[in-house]
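Protein sequence lines correspond, in order, to chains A and B. Residue 1 is where the first sequence starts when you use the numbering used here, and the numbers rise one by one after that. Residue 1 is where the second sequence starts when you use the numbering used here, and the numbers rise one by one after that.
Honestly, the hints are just simulated from the structure, not real lab data. From the three backbone atoms N, C-alpha and C, an ideal C-beta is built for every residue, glycine too. There could be a bad hint or two in this list.
For lysine-lysine, the following DSS-like pairs were computed, each having C-alpha atoms within a straight-line distance of at most 27 Å [stated by the list, open to error]:
{"id": "1", "chain 1": "A", "residue 1": "K255", "chain 2": "B", "residue 2": "K15"}
{"id": "2", "chain 1": "A", "residue 1": "K23", "chain 2": "B", "residue 2": "K145"}
{"id": "3", "chain 1": "B", "residue 1": "K15", "chain 2": "B", "residue 2": "K279"}
{"id": "4", "chain 1": "A", "residue 1": "K255", "chain 2": "B", "residue 2": "K279"}
{"id": "5", "chain 1": "B", "residue 1": "K305", "chain 2": "B", "residue 2": "K320"}
Where chain A lies over chain B, by a calculated footprint (3+ residues, C-beta under 8 Å) [to be verified]:
{"id": "6", "segment": "105 to 117"}
{"id": "7", "segment": "164 to 172"}
{"id": "8", "segment": "308 to 319"}
{"id": "9", "segment": "326 to 332"}
For reference, the chains in residue letters:
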Amino acid sequence: MNIVVCVKQTPDTAATISIEEGKATWGDAPLVLNPWDEYAVEQAILTREELGGKVTALSLGPEEAREALKLALAMGCDEAILINDPLFESADTLIVSRALAAGIMKLGEVELVFFGRASVDSDSGVLGSQTARRLGWPSISWAAAISHHEGAIEVERMIDEGRQVVRSSLPAVISVVKEINEPRYPSFMGIRKASKAEIPTWSAESIGIDGSLSPAVTWPEMFAPQVKSAECEFIAGQSAQEIAEGLADRLIAEKVI
Amino acid sequence: MAKSILVYVDHFDGKALPASWEALGAAQQLNQKFAGEITAVVVGHQKREIAEQAIAHGAQRVFLVDKEGLNHFRPEPYASVLSQILRDSEADIFLSPNTGRARELAAMVAVDLETGLSPDVIQLVLEDGVVSATRPIYAGKLFVKVRCADCTPQMFTLRGRAFPKQEPAPDAEGKIELVEVAFPEPVTHVIGYKESESGVSLSDAAVVVSGGRGVSNNPKLIAPQDITDEKEKEIWRAQQGFKLIQDLARVLDAAVGASRAAVDAGYVPYAHQVGQTGKVVSPDLYIACGISGAIQHLAGMRTAKTIVAINKDVNAPIFKLARFGVVGDLFEILPELTEVLRSKLGK
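The whole structure should be built from the sequences, with the hints applied where relevant.
In structure tokens form, the structure reads like this:
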């Protein structure tokens, strides 16, 4: 089975993010494989281990994004491809989904595409659904467990209200949540293999996208959230009961409850 | 210039989600500037009652799509229906709650119509005749203004509890139009459903009580003898600690949250996780118990109106965000707080 996992490179979630010249910056904080995507990569590899086939990691991003692809390879993906082109510099999700769908079609005979639930930088959480729509394939989001049944899949989805089981034909696009697995650490051999691996770059033209692309959505301004100025009011007392009374009274006096 | 606003009403198991009424509230705020028309869209099977509720919540008109094949929500046929309605009605602005379903639906419709979508919006303002939205990025560490000047429609999904919910006006008037729209046969089938056991939903909760790693550190608790594994002993202790959190949550009609550390340690299921890789919540009151306040956790709850922190370490970063703090042993304070609130609130 040909499996694709779409990944993105993001700043580490522990990074302090600030604004420099109108753009987000994270200082010396490392760039990592988007944490949600680790689960997608793991699930893609688990699927190959169960059913055989090949896993291709696909990313649209700058040159540095190779590092995220290398991690995907070190975890056990068979191949990696970087879609990189100046045309995609300020791409919004409409453009990225178009490029990813075109990349998936170029790979050919893909049956399953995995995404992480969202990326921790732009936090949109729409790319999997949009790529599925471009491909005309069903989108199965928030997958927490997957079982395979001859050309069909059954997926347990973690929806806001509970757990829902859906059955779908293939090909399909699946976005996964954290509960689905425990991502493996790259093995020593995996890291060695990844460091030597060639990661081809696909240009916009090579996936059939040309002309000028203008994003529908722009981000004209970024700003930091206002820091709450209120000092913390510490509630003290001689006993736990006195403290509890004090806190309850303050919460009621301030009409918090 | 008059603009028309279309609001998607998300519903599940026969009930509209309260966040849908917030979207109608946001539509009314915007409409004060346009004097346009607010139309709600209800898609499903036998959902006329929800259409009537939409009118009570401020819709001047409702497009109701009633098809047996649309009984279960599936994003693909719903998106086809909604895209067609947006094309036919030439709406200028599309609003929906940022629930999982509605966001996925909006994402697909944006592709169908090749238009821009701003998900998870917390503010909408009118600037030079164009609606501009503000949304958090990097899990709320930054905010970004989003513009979509040439989009028709401009599409926004609205974060829960960021916009005022209108109280229903039972005598409000509006018309319900039954709309016939073709949709493709869905290729996915819903074959099972189990309601979550977690009680109050985190995203909608007005109050959240959360526990962290500290919840397992009650030195006075001795695990039963049949648990020999150290890790299992720790989990057992944490589960006793989370019972205290659940007790307090029950008195406050609150949802139970947890830090990533508590989830990763196996104390509570992932569905409870608040933070950058969990749920983002904006309750009126957030009570953090035994949570030190890692940056990823703060990202998930910093927009709470009032934060209370209970922690034994006075230097815990959570106190920097907190309005009220208690430096102390949560195992002593929580049971007292639960009792005090139970009597003061008359529960």
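Structure-based check of each hint:
Between the alpha carbons of K255(A) and K15(B) the distance comes to roughly 30 Å, so the proposed pair goes past 27 Å and is violated. Taking the CA atoms of K23(A) and K145(B), the gap is near 12 Å; set against the 27 Å cutoff, the hint holds. In summary, the hint linking K15(B) to K279(B) is supported, as the alpha carbons are separated by about 22 Å, within the 27 Å threshold. The hinted pair formed by K255(A) and K279(B) meets the criterion: a straight-line CA distance of about 26 Å does not exceed 27 Å.
Note on K305(B) and K320(B): the hinted pairing holds, with a Cα-Cα distance of about 14 Å set against a maximum of 27 Å. With a threshold of 8 Å between beta carbons, the proposed coverage of the segment 105 to 117 of chain B by chain A holds, since 10 of its residues qualify and at least three are required. Given as covered by chain A, the segment 164 to 172 of chain B fails the check, having 0 residues with a CB less than 8 Å from a CB of that chain where 3 are the minimum. For the segment 308 to 319 of chain B, the proposed coverage by chain A is satisfied: 3 residues have a C-beta within less than 8 Å of a C-beta in that chain, meeting the threshold of three.
With 5 residues having a beta carbon nearer than 8 Å to a beta carbon of chain A, the segment 326 to 332 of chain B meets the requirement of three or more and the stated coverage holds.
Going down the numbered hints, you'll see the structure goes against 1 and 7, while the others check out.
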